[in-house]
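Residue numbers (the working numbering), protein chains in the order written: chain L, 467 to 730; chain A, 16 to 306.
I should point out that these hints are in silico values taken from the structure, not numbers from a laboratory. Just so you know, even glycine gets a beta-carbon here, dropped at the ideal spot from N, CA and C. There could be a bad hint or two in this list.
As the list claims (entries may be wrong) - Computed footprint of chain L on chain A; a stretch qualifies when at least three of its residues, placed anywhere within it, have a C-beta under 8 Å from a C-beta of chain L: (1) 172–185; (2) 188–200; (3) 230–240.
As the list claims (entries may be wrong) - Here are some, though not all, of the chain L residues that point toward chain A, as calculated from beta-carbon distances under 7 Å: (4) Phe481; (5) Pro552; (6) Leu561; (7) Arg597; (8) Asn630.
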Amino acid sequence: MDQPALDVASVTVQFGSRRVLDGVTFQLRRGEFTGLIGSNGAGKTTLLRVILGQQSPDQGTVTIAGGRHGAVGYVPQKFLLDPDMPLRGRDLVALGLDGHRLGLPRPSRQRRERVQAMLAAVGAERFADARVGRLSGGEQQRILIAHALISEPQLLLLDEPLANLDLRSAKEVVSLLAQIAREQRIAVLISAHEMNPLLPVMDRVVYLADGRAVSGTTDEVIRTDVLSHLYGHHVDVLRLHGRVVVVAGDIDDHHADHGVLEVD
Amino acid sequence: MATLLHAIVEPGFFSSAPVRLAAEMGALVAIVAAVVGVFTVVRGQAFSGEALGDIGATGGASAYLAGISSVWGFVGISVLAAAAMELIGVQRARGRDIATGVVLGAGFGLAALLIYLGTLQTSTSGSTVTILFGSPFTLSPSDLPLVLGFGALVLVTLAALYRPLLLASISPELAAARGLPVRLIGVAYLMALAVAVALSAVTIGAILSTALLVGPAATALALTNRPGRALALAAMIGVAATWLGLLLAYDSYYWPPRHHGWPPSFFIVALVLIGYLAVAARRGGGRRGAR
Ligand SMILES: Nc1ncnc2c1ncn2[C@@H]1O[C@H](COP(=O)(O)OP(=O)(O)O)[C@@H](O)[C@H]1O
Ligand SMILES: [Mg+2]
Chain L
467 MDQPALDVAS VTVQFGSRRV LDGVTFQLRR GEFTGLIGSN GAGKTTLLRV ILGQQSPDQG
527 TVTIAGGRHG AVGYVPQKFL LDPDMPLRGR DLVALGLDGH RLGLPRPSRQ RRERVQAMLA
587 AVGAERFADA RVGRLSGGEQ QRILIAHALI SEPQLLLLDE PLANLDLRSA KEVVSLLAQI
647 AREQRIAVLI SAHEMNPLLP VMDRVVYLAD GRAVSGTTDE VIRTDVLSHL YGHHVDVLRL
707 HGRVVVVAGD IDDHHADHGV LEVD
Chain A
16 MATLLHAIVE PGFFSSAPVR LAAEMGALVA IVAAVVGVFT VVRGQAFSGE ALGDIGATGG
76 ASAYLAGISS VWGFVGISVL AAAAMELIGV QRARGRDIAT GVVLGAGFGL AALLIYLGTL
136 QTSTSGSTVT ILFGSPFTLS PSDLPLVLGF GALVLVTLAA LYRPLLLASI SPELAAARGL
196 PVRLIGVAYL MALAVAVALS AVTIGAILST ALLVGPAATA LALTNRPGRA LALAAMIGVA
256 ATWLGLLLAY DSYYWPPRHH GWPPSFFIVA LVLIGYLAVA ARRGGGRRGA R
């Protein structure tokens, strides 16, 4: 068995008196597509920031194969670009290659071809010369994925990339990511507050609730007993027409006002 | 045609030493301001630039009182003010306008006092006008090495930081994920902005300095979708406006009221504005049309 691409061990993060992450433990392997599922405020962004080295955990460790945070590709949750920003998708992808370098870029055929190949790999050639700020959400996601992948990371983190996409673009982006994970043998971790778009392709799931996490295959985790234990009260996992809905079972408890924990 | 050209290019324009000096320094300053200005617009920090220019008037006035080159005064105060803004928190999106506003208010008060002291000392308002509205024709040859030195410093810094600065300006999150020191890059940029605004204040005056910073950059951004080209275009627009402005100011000596030349800053800023409006109008028309 090869070394995990990412090893998160007992990570705890506390903001003031609030424990946002509480002993979170899981591993990712290359070639696997993993969903990081949790409702708003569950701690998904915080966990990704810990993995990126931008937030130091109060306890626990994060080990990345190769040992460098630079070997991690990242697509942030917030990406707001002015429509008039003079930047083509092609330029943003090139910055993924050498944006950390000092000095003026030296255009070379090799650099151009590498950018072009990356654009082709994510299906972004058609809109690569338009201003990034004017692209649709799905098109921007493809450019951002290319930006993150061109430095050939072993680990790709995406923070709610589906949040602002219509259903069709979301499906396309998900299948693109699954294909990339498999073909390029990259560990892909994608956060989402809605797991259904990920269900068809997800190899594993890390489910976050109240700062605690369970991880495993979808069948191991998305179960009434496992999630009830995680939430600390009874929830029902319902399967309807191939979709999963998690419903708070005990409507007398304090979760009553949002009885349905997850619906599509 | 020949007479028209003759009427615009007054004889003597190119042979006058002060004009040549103004054209050389003006071009350098225009390039520095335009290049920094592209990042200013991309980062949405035009207000910081405006404030640094206005505060620079304090430096201009103190340099006048101390009898040193106004370049030192403008650059010194502007860099100090930038440092103050940084400390108050100009880099946090929410703190930006507050930090800028606080420093701007303090700077204005000080500028008013110093300019007042300056007029007491000389009993003329000529220095006030020069500090606030500038004039490339009043630059002294001894300023040239200073302007050259500071200008080169800014251009070299920006060339070195070009890619990290561009990435951090587009998305601090993406830059941080690559391990770039986003805060440090922001400080370096703010210092470059301070120096660029100060140089701009020396030539076209403290109040108008932002025009040379933001105007050519905004025009260039509308004309191209490539960052490198935006920088080159902004620099060209800045230089063109400066030279044409100088030429018109020189000509205006023969316009009414005769033998009172109009201020070059007026022409430079007006040309920058006309250029921007022309491009905006063209794009506005295009957008309403076929596309
Ligand atoms: N820097 C911070 N300081 C204090 N609280 C924070 C900070 N960052 C996040 N939080 C809090 O931690 C919780 C988890 O946030 P986040 O990780 O962004 O959740 P998610 O991405 O799952 O929506 C939220 O309640 C948020 O308010
Ligand atoms: Mg989040």
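Going through the numbered hints above, which ones does this structure break? Give me the numbers in ascending order.
Hint check: 4, 8 fail, others pass.
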